[in-house]
Amino acid sequence: MDTRAYIESGILDAYILGALTKEERTQVEANVAMYPELRTELLEIENAMQAFTATLAKELPVGFDNKIWAALQYASPNAGGTQTTPKVIPFTPDYRKPVRWQYAAVGALLVGSLALNAILWNKSNNEKEKQESLNYKIDHLQSDQKQLAAVLDEYQKNKLMMADTGMQTIVMHTVQPGHPMAATVYWSKNKGEAYVSVDGLPAPPQGMQYQLWVMQDGKPVDMGVISNTMPSTPAMQKVAMSVTSGQAFAISLEKEGGSPTPTMQNIYVMGKV
Amino acid sequence: MPNTSVIYNEEELVLLLKQQSREAFNYLYRQYGPVLYGVISKVVYDEQTAQDVLQDVFVKIWNNIEQYDARKGRLYTWMINIARNASIDKLRSKGEIMKGKIHQGEDIVNNLQQGMRTEQATDTIGLQKMVAGLKPEYEVIITLAYFKGYTLDEISKTLEIPLGTVKTRMRSAIKQLREIFNN
Chain A
1 MDTRAYIESG ILDAYILGAL TKEERTQVEA NVAMYPELRT ELLEIENAMQ
51 AFTATLAKEL PVGFDNKIWA ALQYASPNAG GTQTTPKVIP FTPDYRKPVR
101 WQYAAVGALL VGSLALNAIL WNKSNNEKEK QESLNYKIDH LQSDQKQLAA
151 VLDEYQKNKL MMADTGMQTI VMHTVQPGHP MAATVYWSKN KGEAYVSVDG
201 LPAPPQGMQY QLWVMQDGKP VDMGVISNTM PSTPAMQKVA MSVTSGQAFA
251 ISLEKEGGSP TPTMQNIYVM GKV
Chain B
1 MPNTSVIYNE EELVLLLKQQ SREAFNYLYR QYGPVLYGVI SKVVYDEQTA
51 QDVLQDVFVK IWNNIEQYDA RKGRLYTWMI NIARNASIDK LRSKGEIMKG
101 KIHQGEDIVN NLQQGMRTEQ ATDTIGLQKM VAGLKPEYEV IITLAYFKGY
151 TLDEISKTLE IPLGTVKTRM RSAIKQLREI FNN
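Taken in sequence, the protein lines are chains A and B.
Heads up, the first sequence is in the numbering used here, so the first residue is 1 and it goes up one at a time.
Heads up, the second sequence is in the numbering used here, so the first residue is 1 and it goes up one at a time.
Honestly, the hints are just simulated from the structure, not real lab data.
Source: prediction; values computed, not measured.
Please note that the accuracy of each hint is not assured.
[As the list claims (entries may be wrong)] Derived PhoX-like pairs (lysine-lysine); straight-line CA-CA distance at most 20 Å: (1) K189(A) with K137(A); (2) K128(A) with K72(B); (3) K157(A) with K130(A); (4) K159(A) with K67(A); (5) K157(A) with K189(A); (6) K60(B) with K67(A); (7) K18(B) with K137(A); (8) K22(A) with K72(B); (9) K157(A) with K238(A); (10) K60(B) with K18(B); (11) K159(A) with K137(A); (12) K18(B) with K130(A).
[Claimed, not checked] Now the stretches of chain B that chain A is said to cover, found in silico as 3 or more residues with beta-carbon under 8 Å: (13) 30-42; (14) 59-73.
We put the beta carbon where it would ideally sit given N, CA and C, even for glycine.
Bound conformation, chain A alone (with noise of 0.2 Å):
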C-alpha cells in the first residue's frame, strides 16, 4: 500500500472529521491498525482538531454544575431512577386443590432462591468492599501526588537559589555554650535576597518565635521573623526585607512577632559574613 499517497487522499481527515460511513471507516480503521505511519498522521490530525475545538470553550452558565450533578444522581444506572417498573402480569386464581408435589416445588424454589439470595449478597458485599479500598487508593494517591507537587516547587525554588552564582552561605554557630545549635543563611548581597534554613534550631516555646537580625556597623537590624513551622525542617524562608550590606547574621528567640531590638542572652546563634 501506498501509504503517503492514502494519506495525501485525504481519507483520514475525512476519518477525523466524522464524514466517513460505517463501512469506510471500519476500513481506515483496519489500515490504521496495519501501517504505524499512518497512526501517526491520524494523531497529528487529532491533534490539531483537539487545538481547534479548544478554542470555542464556551462559558457555562452559573449553577448548571449543580443541575447537570442532580441529573447524573437521577440517571445514573446505580441509583435507580431509570429503572423500569416491572410489568404487572395478571395473575389468575387456580381453584383447583393443590397437590402434594406442589408444595414440595414450592418449598425446593424457596430453599433455592434463599440460597441464591445468600450468595448474591454475599458476592454485592466483596464487590463494595473492593470498590472501598480502591476508592482509598485514589484518595491516597491523589493527596501523595499533592505532597510530591509541593515537595517539587520547593526543589525547584532551592535550585534556582542555588544557581545564583553570587549567592553566599553564611552558618551561624550557637552562642550558648552546652547547646549545639545552627542555622544558616543564603545571600545573594548584590541583590539584596537573602534565605534562612533553621533546620539545627530546635521549635520555639509556645507564645516565642525566633527573629533574624543582620549586624551592620555593631548594631542589630531586624530582618523578620521566622516561621514557626521552620524549625527542624530542612526547608528555606526567604528573608522579608532586603539585605544589601552585613558584616554578620544571627538569630535570637524573641515574643511572638517579634522585638524591635534583640534580647541579647537569647541570641542562640550568630556567624560571620
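Based on these hints, arrange chain B on the given structure of chain A.
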C-alpha cells in the same frame, strides 16, 4: 478541599471518573465542560437546546465511562464525539428543525446557487467566529462534516464538487489548522 491546580492525565481521569465521585464530576465539568458546550453550540444554535444536550452528554460520559477503550483513541476525542453525535442527532430530530432556529447546510447551497460569494454564504452558518485565517471554503467543509454530520457524499452533493475534491479539501483544511496552531 478544592484544588484547581491539579491536572490529571487521561489515564488518571478515567480512573477518577469510574469512582463516580463529586470530585470527579467537578474536575470533568471544569476541564471539559466549556469545550463540550462550545462544540455543542456550534451544532445547535439555540442556547436552551445546547444546554439540554450538554446535560445529556454529561450523563452519557458518566454512565458509559466503563465502555471507553483507551486503545481505540483519546478520552478527549471520545468525549467530543459524544457531544457531536448527541447534538447532531438533536439537530436532525424534527422538532429542532421545526423551531427554525437551526441554520441548515441547505442554506449554503441555496446561497451558492443564488451566486452569493462564499464569504457571505459562510456568514449564514455563523462561521465568522471560527479560527482566524482559515479559508472560507475550508470552514464550510469542516462545519458541514464536523458540526452538521454530513458524509463525504452529502457534502459533494451539497457543494456540487467531486467527492475526491471534498477529501483533498479536508486534507488542506486540516493542514491549515495545523499550521495555525503550530505557530
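Quick rundown of the hints versus the structure:
no., hint, result
1, K189(A) with K137(A), "violated (48 Å)"
2, K128(A) with K72(B), "violated (30 Å)"
3, K157(A) with K130(A), "violated (41 Å)"
4, K159(A) with K67(A), "violated (46 Å)"
5, K157(A) with K189(A), "holds (18 Å)"
6, K60(B) with K67(A), "holds (15 Å)"
7, K18(B) with K137(A), "holds (13 Å)"
8, K22(A) with K72(B), "holds (15 Å)"
9, K157(A) with K238(A), "holds (10 Å)"
10, K60(B) with K18(B), "holds (13 Å)"
11, K159(A) with K137(A), "violated (32 Å)"
12, K18(B) with K130(A), "holds (13 Å)"
13, 30-42, "holds (count 8)"
14, 59-73, "holds (count 4)"
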